[in-house]
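Hey, can you work out the whole structure from these sequences and the hints?
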Amino acid sequence: MIITRQISIRLALIVVVCVLVQISFLSYFAILGAQPEVVPVVVAAIGLLGGAVTGGVVGFATGLLLDAALLQTMGVSSLILLSVGYLAGRYREGFEIDSPVGPALVAGGLTLLAAAGFVALQMMLGVEAQVSGLIVREILMKGIIGFLLAYPLYPLIRFILRPALVLEDSPARRPLFRGRRSKLEPRRSRRMNTPGGVA
Amino acid sequence: MYRKDVRRRRTILVALIVLSLILLSIHFSEPRSGPLHAIQRAVATVLSPFEAIANQALKPARDLINWFDETFEARGKNEQLREDLEEANAALAQAQTALGENEEFREMLDLNQNELAGFDPPFEPVTGRIIVRSPTVTNATVGVNVGSGDGVEVDDPVVAGAGLVGRVADVTSGTAQVQLITDPRSSVSVKLVPDGPQGIVEPEVGDPDDLRLDFVSNDDEISEGQQLVTAGWSNEEYSSVYPYGIPIGEVTETTLGDENFQRITVRPYAEMRALQYVQVLTGGPERPGIDE
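Protein chains in written order, with the numbering used here: chain A, 1 to 199; chain B, 1 to 292.
Incorrect hints may have been included.
Chain A stretches covered by chain B per the calculated footprint, using a threshold of three residues with CB under 8 Å from any CB of chain B [what the hints assert, rightly or not]: (1) 24-34; (2) 43-56; (3) 69-77; (4) 102-108; (5) 111-120.
Computed list of chain A residues with no C-beta within reach of chain B, every gap over 10 Å [claimed, not checked]: (6) S8; (7) G63; (8) R158; (9) L165.
Honestly, the hints are just simulated from the structure, not real lab data.
Built from N, CA and C at the ideal position, the CB exists for glycine as well.
Set out below in structure tokens:
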């Protein structure tokens with residue numbers, strides 16, 4: 001993703017609108033006990049489109065805004081959401097996204113991880129209340145809702161950031177794990193890897 | 001080139017993580033009047049008009065979704081009403097919203113005239129509309145559109161018509177953050193009425209509908225349906241944030257605990273997820289350790 005001033009403004013607008021919609025609208029509803037969370041989905045989508053650095057930075061900024069708007073402990077949401085953006089970006093850098101299921105699965109999985117991460121972090125920060133078994137259902141539901149929300153949101157954010165995505169089909173991706181190869185990575189010939197070998 | 005990119009990426013990641021941890025540390029270590037809290041309140045103040053606008057702008061959509069939700073339930077109960085309900089969609093949505101709000105206000109008035117009437121000096125209720133809600137599992141907080149400019153202070157009790165909702169945890173000039181009694185950090189000293197024992201009501205993380213009543217001995221006789229009110233304890237140095245006598249909820253289940261205390265489930269009277277308006281109780285009698 002090429003970050004120009006215009007794209008930065010678009011990213012900032014996406015973040016602000018997303019946070020406002022979350023705290024003023026979506027947090028009022030519960031589906032099977034879980035509030036829909038759009039923030040991790042949007043951060044994951046930006047990470048998937050922009051890469052690890054963009055995802056991490058946007059996640060951090062979104063977390064700061066969320067914590068400030070809700071007068072919550074500063075740094076908690078930043079830490080969780082920067083992880084969401086970074087991991088989504090790493091996925092994008094290692095794997096080709098060639099179907100709508102991929103982003104939805106990544107967004108759903110990262111939403112689930114974010115919900116679990118919030119609970120774990122708050123427990124580490126001194127919440128001493130007992131934990132109900134219902135929390136597992138709530139976290140799972142958040143993941144499922146995130147998966148479903150990603151279907152409309154990922155294409156929407158891709159559309160908004162389209163001018164910055166000129167290099168999205170670049171063949172320069174590296175494998176996420178050793179041994180796994182991105183489909184777009186060019187295959188090296190054995191002869192080129194041989195020391196001193198000349199074609 | 002690739003290694004340089006990886007180094008840059010990792011440097012940024014580490015820097016952001018360190019920055020988050022620094023923010024966390026400062027937030028916990030500095031007093032409420034510290035610079036980070038001041039910046040946070042400034043950002044919240046700047047955002048609050050946008051939150052209020054977004055809240056109002058999205059209210060019709062919220063009402064519509066609520067209406068569908070209620071209609072879905074009504075269909076299950078009485079299939080014959082379906083056609084009538086469909087014809088009256090828009091009008092009914094508005095009417096139900098208005099009725100719900102009226103009911104909330106009427107209950108608040110009853111609470112003010114009964115349970116809160118005996119304090120000297122009396123509490124001055126400030127009615128606020130909920131404009132934001134925290135989406136996270138472990139933060140049961142809401143933001144209301146009244147703040148220090150309206151006389152709201154940190155630790156003021158917050159009630160709805162049905163009973164206790166929580167307390168003010170932070171305040172800006174135009175907004176206040178309310179920590180609900182279902183927040184994992186909340187604990188309320190309570191008394192079972194009419195002549196039951198006292199205990200501590202705490203939430204269970206992940207269960208927003210029920211509360212747990214702790215420190216009630218296995219020997220005490222507790223019956224289902226018994227009402228809980230705030231205990232409002234006080235000595236010369238410290239006191240509870242909540243004054244005596246605000247209804248909280250009623251006992252729904254009791255079982256003998258493994259240790260000396262019973263395991264008691266309480267259903268709060270206030271429906272935390274359905275709240276639209278709350279009252280912040282400003283002023284009121286002096287509370288040692290709270291009002292300084």
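Exercise for the section: Output the numbers, in ascending order, of every earlier hint that fails for this structure. Expected result: Failing hints, ascending: 4, 7.
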